[in-house]
Every structure is written in C-alpha cells, then in structure tokens.
Amino acid sequence: MKSTPRPFANRSTVMLGSATVLAFTLAACSPPVQQSAPEPAQPVANEKAVKAHLEFLASDLLEGRDTGARGHEIASAYIAAQYTAMGLEPAGTDGYYQRITFRSARLTETQPTFVLHTDSGDHELEYRKHFSTSASISHELAEVSAPLVFAGYGIVSEAFEIDDYAGVDVNGKIVITLSGGTEGLPSEEAAHLGAQKTRNAVERGAVGIITLHTPAMEEVRPFERSVMFGGGPRMRWLSPEGEVTQEFSQILGSAYLDYNAAAPAFENATYSLEDIFAALEADERPVAFELSASASLMRESRFEEITSPNVIGMIEGSDPELKHEYVIYTAHSDHTGLARDFSSTSNVNNGALDNAAGVAVMLETARMYADAVANGDRPRRSILFAAVTAEERGLLGADYFAHHPTVPLEQIVANVNLDMPVLLYPFADVVAFGADHSSLGAVVARAAGQFDIALSPDPMPEQAIFTRSDHYTLVRKGIPAVFLMTGFTSQDPDQDGGEVWGDFFANHYHRASDDIPSHIENFGGIRYDFGALFTDINYAIGMEIANADEAPYWLSDSYFGKIFRGDASFAN
Numbered sequence: 002m003k004s005t006p007r008p009f010a011n012r013s014t015v016m017l018g019s020a021t022v023l024a025f026t027l028a029a030c031s032p033p034v035q036q037s038a039p040e041p042a043q044p045v046a047n048e049k050a051v052k053a054h055l056e057f058l059a060s061d062l063l064e065g066r067d068t069g070a071r072g073h074e075i076a077s078a079y080i081a082a083q084y085t086a087m088g089l090e091p092a093g094t095d096g097y098y099q100r101i102t103f104r105s106a107r108l109t110e111t112q113p114t115f116v117l118h119t120d121s122g123d124h125e126l127e128y129r130k131h132f133s134t135s136a137s138i139s140h141e142l143a144e145v146s147a148p149l150v151f152a153g154y155g156i157v158s159e160a161f162e163i164d165d166y167a168g169v170d171v172n173g174k175i176v177i178t179l180s181g182g183t184e185g186l187p188s189e190e191a192a193h194l195g196a197q198k199t200r201n202a203v204e205r206g207a208v209g210i211i212t213l214h215t216p217a218m219e220e221v222r223p224f225e226r227s228v229m230f231g232g233g234p235r236m237r238w239l240s241p242e243g244e245v246t247q248e249f250s251q252i253l254g255s256a257y258l259d260y261n262a263a264a265p266a267f268e269n270a271t272y273s274l275e276d277i278f279a280a281l282e283a284d285e286r287p288v289a290f291e292l293s294a295s296a297s298l299m300r301e302s303r304f305e306e307i308t309s310p311n312v313i314g315m316i317e318g319s320d321p322e323l324k325h326e327y328v329i330y331t332a333h334s335d336h337t338g339l340a341r342d343f344s345s346t347s348n349v350n351n352g353a354l355d356n357a358a359g360v361a362v363m364l365e366t367a368r369m370y371a372d373a374v375a376n377g378d379r380p381r382r383s384i385l386f387a388a389v390t391a392e393e394r395g396l397l398g399a400d401y402f403a404h405h406p407t408v409p410l411e412q413i414v415a416n417v418n419l420d421m422p423v424l425l426y427p428f429a430d431v432v433a434f435g436a437d438h439s440s441l442g443a444v445v446a447r448a449a450g451q452f453d454i455a456l457s458p459d460p461m462p463e464q465a466i467f468t469r470s471d472h473y474t475l476v477r478k479g480i481p482a483v484f485l486m487t488g489f490t491s492q493d494p495d496q497d498g499g500e501v502w503g504d505f506f507a508n509h510y511h512r513a514s515d516d517i518p519s520h521i522e523n524f525g526g527i528r529y530d531f532g533a534l535f536t537d538i539n540y541a542i543g544m545e546i547a548n549a550d551e552a553p554y555w556l557s558d559s560y561f562g563k564i565f566r567g568d569a570s571f572a573n
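Heads up, the sequence shown is in my numbering, so the first residue is 2 and it goes up one at a time.
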C-alpha cells in the first residue's frame with residue numbers, strides 16, 4: 002500500500018526558510034539527547050498455534066493419550082519437541098522427561114462379590130447393577146467380612162466443628178458413608194474435606210468403606226452412569242524402592258452402593274434408610290450409629306508395572322536472586338484412552354478439551370515467554386512448564402513431582418494450573434479456583450481485567466472441582482495455586498455460557514464425543530480465538546508473579562494456608 006503524502010509537513014519546512022536552517026545548525030552544535038530504550042513489545046497469543054497443538058494432541062492417532070500407552074508417549078515427544086523449538090531448558094531428570102513407574106491394577110475376570118448378612122438372611126448384590134468397585138492396588142486377593150457402622154457423610158473437621166464419627170467405634174469394621182455432605186461449606190474447603198473421607202475411616206481403624214449413592218446424587222450423576230465409568234484400572238506411583246505409595250492398604254473392601262439395594266443393611270437399626278433420607282430432605286445432618294448387619298466383600302486384581310513421563314521445560318529468570326525461585330505452569334497431557342462407552346461412533350476418548358486444550362494453552366504460553374526473552378523481557382523469576390501424566394488416574398504425575406520435584410520444592414512460589422478450558426463460547430468471565438486463599442486472587446483479577454474479562458466465584462461448588470486437578474497436589478505442599486476455567490457468562494447475548502458448559506460436562510466430558518468433529522456438530526466448533534484470549538490471561542498471570550518483588554502468599558484467614566503452610570501433611 003502506498004504512503005499518503007504529508008503536504009502540511011512539507012509546507013511548514015518551506016515557510017520556515019532560514020529559520021529552519023538556523024535550527025538545524027543549533028541542533029548540530031548541541032550534545033546528543035539520550036533516548037530511553039523502547040518498552041519490549043507485549044507478546045500476543047496466536048490462535049492458529051493453539052489450534053495446531055490442540056488438533057494434534059486430540060487426534061485419533063494418539064488413541065486418547067492413556068497413561069503408559071503409545072499415544073501418550075507420542076504426545077510427550079511432541080511436547081518435548083515444542084520445548085526444544087522454543088529454546089526452553091530441560092528441567093526433568095532425563096532431559097525434559099521425568100519418567101515415573103506406576104503399578105496399574107485391574108479387576109480380574111472373576112466378578113467382585115458383595116453380600117449383606119442381616120437378621121432376615123443373606124442378600125447377594127449384583128455387580129454393576131447394585132454396586133461397583135475398583136481394583137485393589139495392594140492386594141491381588143482382597144476379601145473382608147465385618148460388622149457395618151453408619152458414619153453419616155464420613156467427614157471430620159475441627160475448623161467447621163464436624164465429626165460424623167462421633168459416638169461410634171469403627172475399628173475393624175466396614176463403614177457406610179453417604180455421598181456428598183459438604184453442602185453449605187465454602188467450595189474449596191468442601192472439596193478438600195470430601196476428598197479426605199477414606200483417610201478419616203482409615204485413621205479410625207476401618208477395614209472397609211462403602212459409599213452410598215443417594216437420591217440427591219442421582220439427580221446430579223445417575224448411578225447407571227457412575228457404574229459405566231467404574232471398574233477401570235487404578236494406579237499408584239512406586240517409590241524408588243518399588244513400594245506402592247499413597248494407598249490405604251488396610252482397606253480390604255470397598256464399594257459404591259446404589260440406595261435402591263441398601264435397605265437390608267439398615268434392618269433393625271436405630272434408623273432406617275427411609276429415616277436417613279427424610280433427614281436429608283429436612284436439611285438435617287444424619288448421626289452415626291451401629292448397624293445390626295454385617296457385610297462380606299471380595300475382589301481379585303491383577304498387577305502390571307508401567308512407566309509414563311512428566312515433560313518439564315524451563316525459562317531461567319533474569320534476577321540474580323529471584324531466578325532461584327520458580328513459577329510453575331501445569332497441564333495434564335494424559336486422557337482416558339480407548340472408550341468403554343460403545344454408544345458412540347468412535348471408541349477413542351480424544352480428550353480435546355480435557356486436556357488437549359490446556360496443554361495447547363500452556364505450550365502457547367511458553368512460546369510467549371520465549372518471545373519475550375528474545376525481545377529482552379526475560380522474567381525475573383524462573384518459569385517451569387510441566388506437562389504432567391496420570392491426572393486421570395488420580396493426579397499421580399503431579400503428585401509424584403510434588404514428592405520428587407526437579408527443583409527445590411521450597412523455591413516454587415506459585416502454581417498456575419491449566420485443565421479443561423471449555424472453549425466453546427465467547428466467555429466474558431473466568432473462574433479461578435483457589436483465588437480466595439492467596440494473593441494470587443488479586444493477580445488473576447488484574448490479569449483478566451487487562452482484557453476486559455471479569456473474575457467470578459465458583460458457580461458449581463457441588464462438583465468439588467478444587468480437589469480434582471493437579472494444582473491440589475502442590476497446594477497440599479503449601480504452595481499457593483490457582484486453576485482457571487472459563488466462566489459461565491458469554492459475550493454473545495444469544496448464548497448462555499453456563500448452559501454450554503453444562504451440556505459439555507453432562508454429555509461429552511470423559512466420552513468419545515469430546516473430539517473436534519463432535520464439537521463442530523454440537524457447538525459450532527472450538528473457539529480458538531478465545532483459546533488465544535485464555536492464553537493471554539494466563540501469560541499475564543504468570544508474568545506478574547514472576548516480576549513481583551514479593552512472592553505470592555497465603556491470606557491470613559485462608560483455610561488452606563492454615564493447614565498446609567509449612568505442613569505438607571493431610572489435615573482437617
């Protein structure tokens with residue numbers, strides 16, 4: 002395109018005549034004026050890069066990126082290659098890789114059994130119709146027969162003055178607890194307490210735990226669907242000595258029980274099952290009591306050892322002191338592999354949004370940092386980018402890193418986690434799980450505000466999302482963290498973001514239809530432009546943390562700050 006003539010500038014030169022000559026002469030005699038260096042250009046996310054990463058990682062060729070499978074190894078190699086192209090330094094234990102050994106356990110062909118022994122006789126329950134269970138990591142043959150005790154929701158918390166085990170002795174017994182039970186509590190705290198149920202039972206000597214599906218839970222997640230996704234492999238990482246970790250080996254029996262089959266367990270008890278559900282309807286918290294029934298549970302498991310890598314790259318900081326502190330971005334690169342839901346036309350769980358989208362955002366974020374460094378804007382603190390494995394198997398890759406960090410754990414100042422951004426609508430707000438607990442909440446609000454995006458509270462605390470992604474493993478080590486997701490407000494007045502999010506979660510999450518063709522058919526396609534916007538926000542969050550004089554800190558009234566700051570043990 003041709004430039005437009007500037008006649009007024011030329012005319013001014015002519016009219017000034019000799020005065021102009023004099024001005025140039027004086028300027029030549031004057032000392033040169035020092036000009037400040039221009040500010041480095043702010044990197045901008047490229048939606049085509051987000052699209053390219055996401056579409057490769059969600060390809061059928063990767064067969065759902067299951068932990069230990071060939072498809073996930075390909076994804077890991079791709080991520081490492083991207084780190085190399087960007088110039089990131091290797092930060093694993095073997096180049097970019099931190100390879101982990103896992104024990105994988107599956108149920109054998111022998112079906113698990115569950116028998117209720119009552120005053121009226123024995124009641125044999127049918128596997129996958131009345132109950133579900135999963136493999137034991139510790140015992141190839143796990144069987145137990147013991148008295149039953151009802152322990153309400155199975156929650157214990159001094160901070161919230163809850164003790165669902167008050168008045169009962171569960172040592173050597175099988176505990177029945179209700180699903181849910183954290184309604185009315187702040188969402189993140191509720192999610193944490195809900196995740197401690199098995200530990201609470203173990204600490205009191207229980208040898209088995211039965212979780213009772215309730216009518217309220219049926220409305221959220223039908224029992225039939227829970228059974229559909231049950232029975233898959235369980236994994237735990239092995240210590241360098243080959244020992245199973247993070248497993249409660251004293252729990253010999255476990256089951257998820259449909260309430261329609263549970264009534265016999267409450268025969269001749271202080272309260273019937275109908276009494277308990279009536280109390281729930283009246284918003285009353287049920288009390289613990291012993292049952293007159295007992296139960297026998299059996300399951301057989303077969304073990305296999307597999308390996309799978311975390312892939313970790315780093316950009317070193319510029320400050321001589323602060324470069325020894327680290328901001329870590331995490332995004333899980335695994336998904337659930339080949340589908341067991343054959344109602345779909347595909348048998349591949351591609352995991353396009355969960356979590357090819359999160360990894361794509363992290364890779365583009367890393368590219369933005371690399372460009373910033375090339376433009377002379379290296380962050381003061383060092384930045385880690387960790388594509389972690391086995392999230393779908395229990396946050397295991399991140400948990401391994403938290404126990405075996407490749408940099409000193411006490412020098413990691415913050416975690417920014419990227420998991421399942423639902424990029425199906427033009428979001429107008431974001432939700433940051435953990436924002437209310439540390440100074441990171443204000444950082445997120447400022448970063449989102451740069452792009453006219455609001456920060457909203459958790460719109461679905463009942464889903465306990467705070468404990469269901471990788472940042473939680475670092476929170477338990479006392480590290481402030483935030484986990485961003487797209488909010489429920491859409492910039493399109495004709496589109497309800499909450500409805501789109503809910504549709505995805507109800508009908509496509511962890512199913513073969515979390516793939517690109519299905520999202521085109523059902524939602525009009527993935528909004529890669531808003532994937533770029535999501536990336537811009539995450540880059541701004543990390544860059545502010547990296548350049549601040551002060552490291553992020555827990556707020557004085559934070560529940561997690563109180564129980565985990567300087568104390569990495571599980572707490573109530």
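Hint data in this document are derived by calculation from the structure and do not stem from the laboratory. Do not take every clue at face value.
As the list claims (entries may be wrong) - EDC-like mimics (lysine to aspartate or glutamate), calculated; alpha carbons at most 16 Å apart, straight line:
(1) Lys130 <-> Glu219
(2) Lys324 <-> Asp378
(3) Lys52 <-> Asp530
(4) Lys324 <-> Asp437
Evaluation of the provided hints:
Restraint check for lysine 130 and glutamate 219: the C-alpha separation of about 14 Å stays at or below 16 Å, so the hint holds. Annotation: proposed proximity of lysine 324 to aspartate 378 holds, straight-line Cα distance about 14 Å (limit 16 Å). A C-alpha spacing of about 9 Å is found between lysine 52 and aspartate 530, which places the hinted pair at or below 16 Å, so the restraint holds. Among the hinted pairs, lysine 324 with aspartate 437 is inconsistent with the structure: their alpha-carbon atoms are about 27 Å apart, more than 16 Å.
Violated hint for the displayed structure: number 4, the only one.
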